[in-house]
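As they're listed, the protein sequences go chains A and B.
When we follow the working numbering, the leftmost residue of the first sequence carries the number 143, and every step to the right adds one.
When we follow the working numbering, the leftmost residue of the second sequence carries the number 7, and every step to the right adds one.
Read the hints as simulated data drawn from the structure, not as lab findings.
Errors might be hidden in some of the hints.
Stated by the list, open to error - Here are some of the chain A residues that sit facing chain B, going by a computed Cβ distance under 10 Å:
| hint | residue |
| --- | --- |
| 1 | R157 |
| 2 | F186 |
| 3 | S192 |
| 4 | C214 |
| 5 | A242 |
| 6 | R309 |
| 7 | Y361 |
Glycine is no exception: its CB is placed at the ideal position from the N, C-alpha and C atoms.
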Amino acid sequence: MTPSAYRLIDLGAARVAVNSPLNDFNAHLDLVYQHHGDGDPLSFADVRVSLLPSRGMRFWKGRVSLWSEATCPFEPYPMRSALPLFEWGSNWLLAQRLNAYLLLHAGVVARDDRALILPAAPGSGKSTLTCALHLAGWRFMSDEFGVLDPDSGNLLPLLKPAALKNRSIAIIGAHPQARLGPVFPGTRKGDVAHFVPLRDSIVERHRHARPRLVIFPRYRDGGTLKCTPLDAANTAMRLGLNSFNYRTLGAVGFDAVVRLARTTRAFELEYGDLSTAIAHIDTLFAEHA
Amino acid sequence: MTPPLSRELQLLLRALSEPLDTDSATWERLLRLARMTALHGRLAAANRDNPTVPAPVRRHLLSAERVCAFNNQMLRAELAALAALCDGSFPVLVLKGGAYALQNQRVGHGRFVSDVDLLVPREHLRTMEQGLRAAGWVPAQLDPYDERYYRDWSHETPPMRFPGRFLEVDLHHAITPVTGSLHFDPAPLFDASVPLADSPFRTLSAEDQVLHACVHCFQDGDLALRVREVVDIDGLVRAAATQHGFWTRLVGRAGQLGLQRPLWYGLHFAHAWMETPLPQSALTALPAPSALARRLMDRLVPLVMLPPDPDHPPPASVRVARLAMLARYHLQRMPPSMLLPHLARKATVRLRERFTHTPAQNAENQP
Numbered sequence: 143m144t145p146s147a148y149r150l151i152d153l154g155a156a157r158v159a160v161n162s163p164l165n166d167f168n169a170h171l172d173l174v175y176q177h178h179g180d181g182d183p184l185s186f187a188d189v190r191v192s193l194l195p196s197r198g199m200r201f202w203k204g205r206v207s208l209w210s211e212a213t214c215p216f217e218p219y220p221m222r223s224a225l226p227l228f229e230w231g232s233n234w235l236l237a238q239r240l241n242a243y244l245l246l247h248a249g250v251v252a253r254d255d256r257a258l259i260l261p262a263a264p265g266s267g268k269s270t271l272t273c274a275l276h277l278a279g280w281r282f283m284s285d286e287f288g289v290l291d292p293d294s295g296n297l298l299p300l301l302k303p304a305a306l307k308n309r310s311i312a313i314i315g316a317h318p319q320a321r322l323g324p325v326f327p328g329t330r331k332g333d334v335a336h337f338v339p340l341r342d343s344i345v346e347r348h349r350h351a352r353p354r355l356v357i358f359p360r361y362r363d364g365g366t367l368k369c370t371p372l373d374a375a376n377t378a379m380r381l382g383l384n385s386f387n388y389r390t391l392g393a394v395g396f397d398a399v400v401r402l403a404r405t406t407r408a409f410e411l412e413y414g415d416l417s418t419a420i421a422h423i424d425t426l427f428a429e430h431a
Numbered sequence: 007m008t009p010p011l012s013r014e015l016q017l018l019l020r021a022l023s024e025p026l027d028t029d030s031a032t033w034e035r036l037l038r039l040a041r042m043t044a045l046h047g048r049l050a051a052a053n054r055d056n057p058t059v060p061a062p063v064r065r066h067l068l069s070a071e072r073v074c075a076f077n078n079q080m081l082r083a084e085l086a087a088l089a090a091l092c093d094g095s096f097p098v099l100v101l102k103g104g105a106y107a108l109q110n111q112r113v114g115h116g117r118f119v120s121d122v123d124l125l126v127p128r129e130h131l132r133t134m135e136q137g138l139r140a141a142g143w144v145p146a147q148l149d150p151y152d153e154r155y156y157r158d159w160s161h162e163t164p165p166m167r168f169p170g171r172f173l174e175v176d177l178h179h180a181i182t183p184v185t186g187s188l189h190f191d192p193a194p195l196f197d198a199s200v201p202l203a204d205s206p207f208r209t210l211s212a213e214d215q216v217l218h219a220c221v222h223c224f225q226d227g228d229l230a231l232r233v234r235e236v237v238d239i240d241g242l243v244r245a246a247a248t249q250h251g252f253w254t255r256l257v258g259r260a261g262q263l264g265l266q267r268p269l270w271y272g273l274h275f276a277h278a279w280m281e282t283p284l285p286q287s288a289l290t291a292l293p294a295p296s297a298l299a300r301r302l303m304d305r306l307v308p309l310v311m312l313p314p315d316p317d318h319p320p321p322a323s324v325r326v327a328r329l330a331m332l333a334r335y336h337l338q339r340m341p342p343s344m345l346l347p348h349l350a351r352k353a354t355v356r357l358r359e360r361f362t363h364t365p366a367q368n369a370e371n372q373p
């Protein structure tokens, strides 16, 4: 394995380099990172990992391990699930290392240079809504990490494929423009498939945006649309709660969420139907951003 | 002398104390080596005002600096809470990272701590432990065997944690395991201890701090990637060596406590890797290990302590060396008559876990 054997993927706010002898995994990467192009494998990578077949005990045969810096920080996955392991593992490593930024657990989409942030707890339908907004014409900036630069107050894109789970796979997959990677059945999160952001958004992966609107989405099966404005104090608190590194950043994190809460409008949005939610978000954005 | 270090490791060790000017590909390798050895906080501290650092590297150094600042704040909060338990009726010593932080020692800058180590006289151990429990610290849940191992054979109680907080508290009554070949009566440590400013705690004298770092580095537990302990020894020695008579006191103290061997190794490797300034008289005043022991240690210690190539799983030589050093540690820790049943039991437990274990358990925190 030489440094040139790595494939360097420029995600925007960070670069991930990955190396693997597994053909299926490399084909999956070709698919879900099809618009990213290949960066210079020797240039700086924020995360550099190898996906290797597990060795040693017979117990681990047929499994794949993620190696990072000569250690294997996670339990091996079944061989066919190398992509979910790479996606999850690289996200975990990015979350450890990108403390120059406030990392919100949020989807972020934009119109031109104005951004909409969708912070949410797991299971709120955040990824589904983010992808649906993107397919409805919004620029995709990120799904897992809302990357906020505390110095400029800007949001940075981090263009990773969005991990859709269970019912979302069919809902988003039904859209004529949607491109999804293979379905990985029966992972710990149920069925998972990766949504590939559209090419235009990936081309613009270095284009920052000003945060304008914050929507805390909550999907309720069969529920009607309910939109509640939030004051700045509540918004700041909820942003902190929906962040990976708010505590670690200390005063920097506090200042960042307060500034974000003061310079944006925020709403809680409960919805049971995607198209109604998107129409309402479009109206809110036109009014407030 | 020890085999020469790779250019990368030389650069890394130098960049821990002085600003480094290099290209971003080399920086990336150094960051990775530093993360493997938990030295990235130090790397960041030493290069904080270095204008030549490329932008993406600067972000990683800033990231490490922030994680380190958070770690330091947690440490200070824990120490502040523990201070309330010290009523002055017996000495409570803060060891290692906690002491370096309270002393504002340079060696503490950019140093991550994973636990707070306290040392109290053995006769006050139960009082201190009960005080901690009464105040809300909870001991780790151990099976009866491990509990007994700690209580009877170790030099510390099972680690305690305050629910909701990050750092464990390790309560020691000695700095060497009671069953180990280096065990000594810790009373002189208390006699020579020094008060810490603005706190009810005390800490080891400068010489005893060096000796403790050496004992910890070469006798205590898994030595894998422990190069940062050598970096600690270097920092402590550099800071204390300016005091008049330090070397004489250090060598004398090592003789008094029977810690000449770990001190010899500590100074030997600190000098070889960090160019720690030491008078030749200091090393020659210590009884040197046998030629065979020295050859073995010179071969094994670098393999075990220094990070291997970050792009590859550790080669067989490193895995064998780690195993050998682990065996050495166990033999020093307890006599073979105790060791064999102990290891047999540990192996059975591990094997059983292997078969009942669900893979990807640590994926639980996936967002």
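Q. Which numbered hints turn out to be false for this structure?
A. 6, 7
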